[in-house]
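Going by my numbering, the first residue of the sequence shown is number 330, and it counts up by one from there.
In short, the hints are calculated from the structure, not lab data.
Just so you know, not all the hints are guaranteed correct.
Label-pair distances were calculated between CB atoms; the ranges are [stated by the list, open to error]:
| no. | residue 1 | residue 2 | range |
| --- | --- | --- | --- |
| 1 | Lys361 | Glu392 | 42 to 48 angstroms |
| 2 | Gly427 | Pro389 | 45 to 51 angstroms |
| 3 | Leu395 | Gly427 | 35 to 41 angstroms |
| 4 | Phe421 | Glu396 | 24 to 30 angstroms |
| 5 | Arg365 | Phe413 | 24 to 30 angstroms |
| 6 | Thr393 | Gln423 | 20 to 26 angstroms |
| 7 | Arg365 | Leu395 | 16 to 22 angstroms |
| 8 | Gln405 | Asn380 | 30 to 36 angstroms |
| 9 | Glu392 | Val426 | 19 to 25 angstroms |
| 10 | Lys361 | Thr406 | 29 to 35 angstroms |
| 11 | Pro389 | Val426 | 43 to 49 angstroms |
| 12 | Arg386 | Asp412 | 14 to 20 angstroms |
Cβ atoms here follow ideal geometry from the backbone N, Cα and C, with glycine treated the same way.
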Amino acid sequence: MYSLKLHNAMKNACRSKSLQACKSKLSDLSEKPDPRSITKDYVGPPDKLSNIRSYVRHIPKNETDLERRLRQMQEQTEKWNHDFWSNHNKNFYQVSVGE
330 MYSLKLHNAM KNACRSKSLQ ACKSKLSDLS EKPDPRSITK DYVGPPDKLS NIRSYVRHIP
390 KNETDLERRL RQMQEQTEKW NHDFWSNHNK NFYQVSVGE
């Protein structure tokens with residue numbers, strides 16, 4: 330679930346008297362939001378292998394070339410970190426269980 334979306338949904342949905350209404354509004358929070366339709370960056374839950382939280386970065390309509398390059402470099406770095414730590418943790422767990 331994406332933390333900012335979850336916080337806002339819980340705050341708004343749970344004002345309702347009905348617990349069922351609260352649960353139904355929170356059920357759709359497991360999907361990543363569309364980067365072009367959001368106004369802020371979203372942070373997801375930690376990945377099971379890498380333990381790194383995924384980001385969905387807001388893409389503004391008037392994004393400059395420099396902003397686009399920065400966002401792409403951030404995404405590449407996050408992907409590299411995710412791949413590195415997934416592989417590292419997978420190998421660590423294999424060695425730990427093997428001993």
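Which of the stated hints cannot be reconciled with the structure, identified by number in ascending sequence?
-> Going through the list in order, the structure violates hints 1, 3, 4, 6, 8, 9 and 10 and respects the others.
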